[in-house]
Amino acid sequence: VMAARGVPAEACVGQLVLPGDVLLLPAHPDEDGERLRLGAGAARRGRLLCGPGLRRGGAGLTVTKCGLLRHRPAGGGSGGGAFWVDSQQKRYVPVKGDHVIGIVTAKTGDLFKVDVGGSEQASLSYLAFEGATKRNRPNVQVGDLIYGQFLVANKDMEPELVCIDSSGRASGMGVIGQDGFLFKVSLGLIRKLLAPKCEIIQELSQLYPFELVLGMNGRIWVKAKTVQQTLIIVNILEACEYMTAEQRKQALAKLSAN
Amino acid sequence: PVVSVVRDAESQLLPDVGAVVTCKVCSINSRFAKVHILYIGSTPLKSTFRGTIRREDIRATEKDKVEVYKSFRPGDIVLAKVISLGDAQSNYLLSTAENELGVVVARSEAGVPMVPISWCEMQCPRTHTKDFRKVARVQPQFLQT
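Those protein sequences? They're chains A and B, same order as listed. First residue of the first sequence? That's 1 in the numbering used here, and the numbers climb one at a time after it. First residue of the second sequence? That's 1001 in the numbering used here, and the numbers climb one at a time after it.
Bound-form chain A, shown alone (with noise of 0.2 angstroms):
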């Protein structure tokens, strides 16, 4: 095995790096020498942001997920750009302020336990949906879903989910009504999706109308007026991980076309 030198990190991006890859950074001239501080820290112009697979160390970034690396310049006033990794990855891990959709898998006196795809199975209290107080208990069974985000997510503890905002809100938060098809797809597929002005979506919804609901842990939910129609779009989803743009569009103009 041999020991990584250090590249340029400018060299790489848009390149498959490995764990293990030493990234250097370019000196910065404001620094005069001084080791480069990143990311917390003092406010300085040309602070960089090392995002997820990548960690700091030493002479540069250590990479620890392989993948593309990407970098955004920097733009204004936000600091000095920030480097990460897109990686592929099925495994979800809970993130604090996270976006997903769990199953109730127990309700033990003012706790539901939900299975949100993680190593540990997160806890929800009845008292986090809009409206809730110890009279007024949400109608919450086994077997549920639940659109909700993390309160509380680190390696530590128990993961907590609540369905409530930071103002007491719902903001589409809560128990996932009926019918509807829940399925898995990768996490990289999920980003894709979220983004904004995302083409599958605009394309998928002149087809039919339908819901849909996307959670971080790689779960999707989908509702369309006909079984068979919800079918069609769950397919479409699951085979837009590994189609391409053309591809998508001919097979939707096939369907369009029945």
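Among these hints, one or two may not hold up.
[What the hints assert, rightly or not] Cut-off 27 angstroms, straight-line C-alpha distance, at most; resulting in silico cross-link-like pairs (BS3-like, lysine-lysine):
| # | chain 1 | residue 1 | chain 2 | residue 2 |
| --- | --- | --- | --- | --- |
| 1 | A | LYS155 | B | LYS1046 |
| 2 | B | LYS1034 | B | LYS1063 |
| 3 | A | LYS96 | B | LYS1070 |
[What the hints assert, rightly or not] According to the in silico footprint, chain A covers these stretches of chain B (three or more CB under 8 angstroms from chain A):
| # | region |
| --- | --- |
| 4 | 1027-1035 |
| 5 | 1069-1076 |
FYI, nobody ran anything at the bench for these hints, they're computed from the structure. Since this is a predicted model, take the numbers as computed values, not measurements. Glycine residues also receive a C-beta, built at the ideal position from the N, C-alpha and C atoms.
Since the structure of chain A is already known, use the hints to place chain B on it.
Here is chain B on its own, set in the frame of chain A:
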């Protein structure tokens, strides 16, 4: 004939109420932290006792604003005082509600021992990231550099 049962030569040292003990955090929860008691005063124990530090016993002031995740993490070495001999599960109840009690040794995510910078923050010397802990103010005579 005489039958006798002989135990270990040294008698077992037990923590008393009010004794300062050194313990290691093994798990945390939003309500309390579970610890293993390693030393009583300055004598090491052969078998560790279990202890619990409740959320309201971590600090002396602003007890309701305490977050266990911002005071202790699994793996930290903590100085605590015994406040009760505990319940049926033989968990000693401990408290860190004094300036001299709290975290003395903690490791950052990089694996490096962190340096305390205030009573509630510690910093990693390699990555300069700051972490929250309830730091103990150790007397200068006990510090060794």
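Evaluation of the provided hints:
Restraint check for LYS155/A and LYS1046/B: the C-alpha separation of about 30 angstroms exceeds 27 angstroms, so the hint is violated. With a CA separation close to 18 angstroms, the supplied pair LYS1034/B and LYS1063/B stays within the 27 angstroms bound. A threshold of 27 angstroms between alpha carbons decides the hint, and for LYS96/A with LYS1070/B the separation of about 15 angstroms falls inside it, so the pair holds. By the rule of at least three residues with a Cβ nearer than 8 angstroms to a Cβ of chain A, the coverage given for the region 1027-1035 of chain B holds, with 4 such residues.
Only residues whose beta carbon comes within less than 8 angstroms of a beta carbon in chain A count, and the region 1069-1076 of chain B has 3; three or more means the coverage holds.
Going through the hint list in order, the structure does not satisfy hint 1, though it satisfies all others.
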